[in-house]
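The listed protein sequences correspond, in order, to chains A and B. Quick note: the first sequence uses my numbering, first residue 1, plus one each step. Quick note: the second sequence uses my numbering, first residue 1, plus one each step.
Just so you know, not all the hints are guaranteed correct.
Identical copies look the same in the list; a pair holds intra-copy or inter-copy alike.
Unchecked claim - Below are the DSBU-like pairs computed for lysine-lysine, each with C-alpha atoms no more than 35 Å apart in a straight line:
#1 K64 x K78
#2 K125 x K18
#3 K18 x K28
#4 K64 x K109
#5 K64 x K33
#6 K125 x K100
By construction, these hints were calculated from the structure, which means they are not laboratory data. Computed from a predicted model, the values in this text were never measured in an experiment.
There are 2 protein chains.
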Amino acid sequence: MPFPTTPALTTDCVVFDKAGRVLLIRRKNAPFKDRYALPGGFVDVRETVEDACRRELREETGLKAGPLVLIGVYSDPKRDPRGHTCSVAFLTRTERADAKAGDDAAAVKWVADWRPLKLAFDHAKILRAAERLAPNLRP
Amino acid sequence: MPFPTTPALTTDCVVFDKAGRVLLIRRKNAPFKDRYALPGGFVDVRETVEDACRRELREETGLKAGPLVLIGVYSDPKRDPRGHTCSVAFLTRTERADAKAGDDAAAVKWVADWRPLKLAFDHAKILRAAERLAPNLRP
Chain A
1 MPFPTTPALT TDCVVFDKAG RVLLIRRKNA PFKDRYALPG GFVDVRETVE
51 DACRRELREE TGLKAGPLVL IGVYSDPKRD PRGHTCSVAF LTRTERADAK
101 AGDDAAAVKW VADWRPLKLA FDHAKILRAA ERLAPNLRP
Chain B
1 MPFPTTPALT TDCVVFDKAG RVLLIRRKNA PFKDRYALPG GFVDVRETVE
51 DACRRELREE TGLKAGPLVL IGVYSDPKRD PRGHTCSVAF LTRTERADAK
101 AGDDAAAVKW VADWRPLKLA FDHAKILRAA ERLAPNLRP
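Extracted from the complex, chain A is given alone in its bound form (with noise of 0.2 Å):
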C-alpha cells in the first residue's frame, strides 16, 4: 500500500448486562498485565471495525455481540505506552451471560462497580462515554 504511516487502528467493546453490569477482560500479557479492560484489539485490513469489534469480543469472551452503537474515537498518542494506537469504541448489548476467558484474556468477569478498579489504557474514560450514552442501563 502506498500509505503513509499512521496511528495503529483498534477497537474496543462495551457490553452491559441487563443489570448494568459491564463486561471486562483480565488482560493475560502486557502491557497493563493483569489489569481488568475491556475486551478489543486491533483491526485487520480488509475488516470493518464493527466485524473486528465482535470477533474481539467473540475470541476473548465467547460472546456474540448485538447491534454496535459508536461511543467514540480515542486516539490519544500516549493512550498505549507502546506507541500511538486509535481506538474505535462500540457499545453493545448481548443475548448471553455465560462469558468464557480466551485468546488475550486470562479471564473474564461481569462486574457491577468497575470504578474501583485500575482498568488498562483509557478504559475509564471510554466506560464513562459508554454510560452517559446509555444512562439507563446503569442501576
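Fit chain B to the given chain A structure using the hints.
The following block gives chain B in isolation, referenced to the frame of chain A:
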C-alpha cells in the same frame, strides 16, 4: 512499533456554512482526481484524529475549524481503491467563508446542493450522515 498492520487512518471534515452550503474541494491527485470531495487526509503518528481533521481543513482550504462533532467511522475495505483506509468523519462550523485552495486541493467551493455531484470515496454517505446529525443546518 510492535503493532500488526492495520487499515490506514484518515479523517474527513464536513463544514456547513450558515446557509447550509457544504465546503468541498476538487481533488488535485488520484484517486478520484478532479472529483469533488470533503477536505481530509491521513492522520499522522503522534497526532489525534481531531488535530488531523483541523490540520487537513487548514491545509486544503485555509479555514479554521470550530468545535468538532463526530459523525461516524467509515471503514469499508473498498472505500479507497488504493487500499484499506478507515476514516473518522467530523462535522464542524467555521467563522470565515473565504476558503482558498491549498495542498491536495485544486479548487475549493461552497456548494448549495452536492447531490447531483459525483463525489470521491464514500463522501456522499458521510454527507448524508452529517445532514441527519445537523438537520437544522440545511435549508
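These are the hints, each one checked on the structure:
In this homomeric assembly, K64 and K78 come within 35 Å of each other (Cα to Cα) both inside a single copy, at 31 Å, and across copies, at 25 Å. Taking identical chains as interchangeable, the C-alpha atoms of K125 and K18 lie at most 35 Å apart whether they share a chain (22 Å) or sit on different chains (34 Å). Proximity of K18 to K28 under the C-alpha cut-off of 35 Å is restricted to the intra-copy arrangement: shortest distance 27 Å within a copy versus 52 Å between copies. Only within a single protomer do K64 and K109 lie at most 35 Å apart by alpha-carbon distance; the minimum there is 15 Å, versus 45 Å between protomers.
In this assembly of identical chains, the alpha carbons of K64 and K33 lie at most 35 Å apart only when taken from the same copy (25 Å versus 42 Å across copies). For the homomeric pair K125 and K100, the shortest alpha-carbon distance inside one copy (25 Å) is at most 35 Å, but the shortest distance between copies (38 Å) is not.
Comparing the model with each numbered hint stated earlier shows that all of them hold.
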